[in-house]
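Could you put together the complete structure from these sequences and hints?
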Amino acid sequence: MIATWLLVAPAASAADGDPEGILDRQIVDVAVIDRGGGLWPDLLTLDTSDPTSSTVRVTLLRRDVAWSVLGETTVDVDRSVDSTPWLVDLGERRFAVVLVVGQPESVVLPLRVDPDSRVSPLRVGAPVAVENMVSGAGAADVDGDGTSELVVASSMSDDPRSCEGNKVEVMSGDDLQQRDTLVVPGMRLAGAALGEWDGRPGADLLANAYESCPDFPDPGERHHLLAIRLSDGSTIVDIPTAKGDPTPPLPSDPLVIDVDGDGRDEAIVSTDLEISIVDPTDGWRSVTIASRNVLPLVAMRSPIGPSSALVSWLRRENPPGAFELGSARITKVDSSLSVASATSRALSELPPDEVARAFSVFQDIERGHGSRLAWMADLDGDGCPEVVAPLVWAGCLGTGDVELGPLLLDTRPLTVIGPAASRRVLAALGSMPVPALGRGLFSFEEGEFVPAPAAAGPPGAWRHGPSASFGLAELPVPTAASVIGTPVAAPRLDPFASTGGLIDITGPTGSRLLVRALGLASTDTSTSPGPLLTRGGFLEADPSEVEFIGMIRIPVPAGTIPGATLGSVPFDIKAKVRVPEAAPPSRWTVVAVTLDAWGNLSDPVATTVIYDMTPPTLEVGAPFLTAPWPFDAALVGTSDAGTTIRIGDGPSVTLDDDGPFEVRTRLAPWPQTLEVTAVDPSGNATTTRVSVMGGVDLRQLPWPEIAAVAIIAAVLVSSLRGGRRGPSVAVATMGADGEHVPEIEELAEGPVGGDD
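So for the sequence shown, my numbering puts the first residue at 252; every next one is plus one.
Because the hints were derived from the structure by calculation, they are not lab data.
Be careful, since some hints might not be right.
To be verified - Cβ-Cβ distance ranges computed for the label pairs, FRET-style:
id, residue 1, residue 2, range
1, GLY437, GLY534, 24 to 30 Å
2, ARG276, SER819, 17 to 23 Å
3, ARG430, GLY534, 41 to 47 Å
4, ASP483, ARG308, 37 to 43 Å
5, THR666, ALA593, 27 to 33 Å
6, ASP823, THR785, 24 to 30 Å
7, ALA672, LEU753, 42 to 48 Å
8, SER779, THR816, 31 to 37 Å
9, ALA672, ASP483, 46 to 52 Å
10, ARG430, ALA672, 44 to 50 Å
11, GLU956, PRO821, 54 to 60 Å
12, TRP535, ASP483, 17 to 23 Å
13, TRP921, LEU753, 38 to 44 Å
14, GLY484, SER733, 51 to 57 Å
Everything numeric in this text was worked out from a predicted model, so none of it was measured.
Glycine included, every Cβ here is placed at the ideal spot set by N, Cα and C.
Have a look at this one:
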C-alpha cells in the first residue's frame, strides 16, 4: 500500500529565539536526532493543548545560536483522543506516534523527519488503526534486513477482569500498514524488552508474563519468563516460576546487555530478594548478582575490559535506615557467566529519610511498569559513564567515588548535547500535578510526576505508554557531584496582608516553587504549619480538604540568564484555596519550597497571610508658614503603622508606628492642591486632597476679623477728622419722580450767623 504523506513546509526561524521560551512549554514527548559532526542535535517534540481533542502538534527544533522552530505541523486524527500521544524511535529518522483514541482502539501515525528537505522537514503519514488499546511498544529489526519494525502489544479484551491474553503486532513499511499479528493467550505481558534471544537473525521479545490480568497483581501470582520469536510468533522459551513461589520476578523491564559483544543478549531481572542475569546461550541459566533487598540501577558493557559488563544496584540493609550502593563486573568465560569484583559502599552520609524514600520509589518502579530513574552519562569525559540516581552520584557505573547527587524530584536528565566546548545536559522538568489522596503529594514516584519521554531510553526501547508532561531545559554539565547536590535557596515569604488574597512570592528567576496553602476558619487559634516545615513533611503530609497544593514558576525576563536575578510571581491564594466556611477566611497559612532544575528542594518556609480590606486612616494639615520656593516644605499628618505615605508621584515615607508623619515637597507661592495617599501593607489605599501655598499662606489669615478692625479704625480716623469742622446742613432737592432727595450742602468756612 502506498503511504499518504502530509508535507509540512519549514516554519519561520526566530534568529534571536529565546531558548527558555521555546523549550520551556508543555511538551508530552521528545526524541533526540543526532546531526553528527559535533553539531547540536535536533529535537522532535509532541504536544497537545487538550488531551481529549483530535489534534497532535509535531515540532522539529534546531539550535544554532539559540533554539528555533525548523518545522511544525498539527495532525488531526479525526477522532477524540483519550490519552497523551507518545513516540517510538524507529531509527533512520523514522518515528511512530501512538495514541489511544477510544475503548478499545488506538491509532499509529508514521512520521519521517528530513531536516535537509527543501519541501518539508516533517512528513506525517495516514493514521493506522489498532483494534485494541496499545499497552506497550518498541522498535527493533525483527526480520534481520537492517530496518527496524514497530512492535506493539495490546490486551485482547477491554474488560480488565478478563484474561484473554495479549496481542502482539509487528508493523512494517514506511506507512506501517504491513503487519503480522501474534497472540499470547491466557497471559498478561508486563515488563518487556526487545533483543537477540535465540541466535537467529532478527530481534525477539522477552517479557515477564503473568497468569492473572490486573495491572497490579497480588504477590505470589504465577509468573513466566517468556521469550517470543517475532518473525513467526513461536515461543523461544517459557520458564514458569514454581507455583506458589512468594518471590517471582517483578513485572519490570529486564535490563538488556551483551556481555561479551557476540551479538547475543543477556537479561538482568529482579525479584524482591535478588537481581540475577539470565543467559539464553547457556540454557537460560540464571546467575545471582546480588541478594537481600536489592534493586538494579544500570548495566552496560565494560569500557575497561573485554567480555565483561558493569552492573550497579541499590541495597537496603538492616536496620532499615542503612543503605548501600553496590556494583559488580559480569564476565563470560568458556560460555558461562560469572560475577566478579562485587563491592558495596554504605551511603551513611545521605539523609536517611530521603534515601528511604528513594529506595521506596525504586521498588514502586520495579513492581510497576515505570522507567527507571537511574541515568548514566560520561560527564567527566573519562570514557566510563557516571551513574546519577536519586541522591546518588557514582563514578564509572558505581565502581568509582560515590557522592551526594540530585534528588531528581520531577526531573529526568535525558542526554548530554552540544559541541565539546559548550556541552549541556538536556533535562525534562515535570509539571508536578496533584495526585490522588493517599499516593503521596510531591514525590518522585514514577508515573505520577517524573517525565519518561522517548529520549530517556535507547532508541526503540520498549515503552509502557505516554510520559507525564514536562518542559525542557539546558543545564550546565556538572564537574562534580557537589554541584548538583548544593543546597537550594529558599523562596522569600514575608508576613503578608492582602486585600483580596493576591500576594507576591520571590525567588530566583526560572525557579519553580511548590506551594501548600490552607485557608483558616475564624475559629482556628493556631497558624503553625507543623510538619510541613520539614522537607519530608512538606512532600508527604496528608492534605486538608480545603488545601491548595501545586506549582508556580518565576518567569525569566527576556535577555537574562535564569537564576541570575530574583523575580516575583503573583499568587492568587483566595482564588485557589477553597473556603472552609460560608464567610471568607480571615487568614491563610502558606508554605513554599524552591525546586531547582536538578530536582533538588530547598527547606520549606512559611508565613501567615491576613485578609485585610480596611483602608488606613489619613489626616493631613495645610501649614500656615512653610519654607519658600525653591526650598522643601514640610507637610505633617497622621496615619497607621506600616503605611506608606506619598504626595502625588513623589517620594514616599513608611511609618513605623501609629501617629504623626512628615513628608517634604516644594510649594509654589500661590494656591495649589496636592493629593496625599496612604497605602497599608495589604494594598488598601486612602487618598485625601489638601490645598496649600508656599511661604505664608495668606488664605489662612482671619480676614473677617481683620476687615472689622479695619472698618472700626477707619471710622475712628474719620471721626477725629470730623471734629475739626462745623456742622453741616441738610437740604433737599426734587427728584425726577417728584420725591425729595436729601442733599448735603457744604457750609461756608467761618462762623455762621452772629449778632449782626
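Status of each hint after checking the structure:
The given range of 24 to 30 Å is respected by GLY437 and GLY534, whose C-beta atoms sit roughly 25 Å from each other. The supplied range of 17 to 23 Å is met by ARG276 and SER819, whose beta-carbon atoms lie about 22 Å from each other. Under the hint 41 to 47 Å, the C-beta atoms of ARG430 and GLY534, about 33 Å apart, miss the expected range. Between ASP483 and ARG308 the C-beta distance comes to about 39 Å, which sits within the given range of 37 to 43 Å.
In this structure the hint that THR666 and ALA593 lie 27 to 33 Å apart at CB holds, the actual value being about 29 Å. For ASP823 and THR785, the hinted distance range of 24 to 30 Å is satisfied, since their beta carbons lie about 27 Å from each other. Look at ALA672 against LEU753: about 46 Å separates their beta carbons, and that is inside 42 to 48 Å. Under the hint 31 to 37 Å, the C-beta atoms of SER779 and THR816, about 33 Å apart, fit the expected range.
A C-beta distance of roughly 50 Å is found between ALA672 and ASP483, which places it inside the suggested range of 46 to 52 Å. A beta carbon spacing of about 46 Å between ARG430 and ALA672 agrees with the range 44 to 50 Å that was offered as a hint. The hinted window of 54 to 60 Å between GLU956 and PRO821 holds, with their beta carbons roughly 57 Å apart. Hint check: TRP535 to ASP483, Cβ distance near 20 Å, so the stated range 17 to 23 Å holds.
Between TRP921 and LEU753, the C-beta spacing of about 42 Å keeps the proposed range 38 to 44 Å intact. At roughly 52 Å, the beta carbons of GLY484 and SER733 sit within the given window of 51 to 57 Å.
Consistency with the previously given hints fails for number 3 only.
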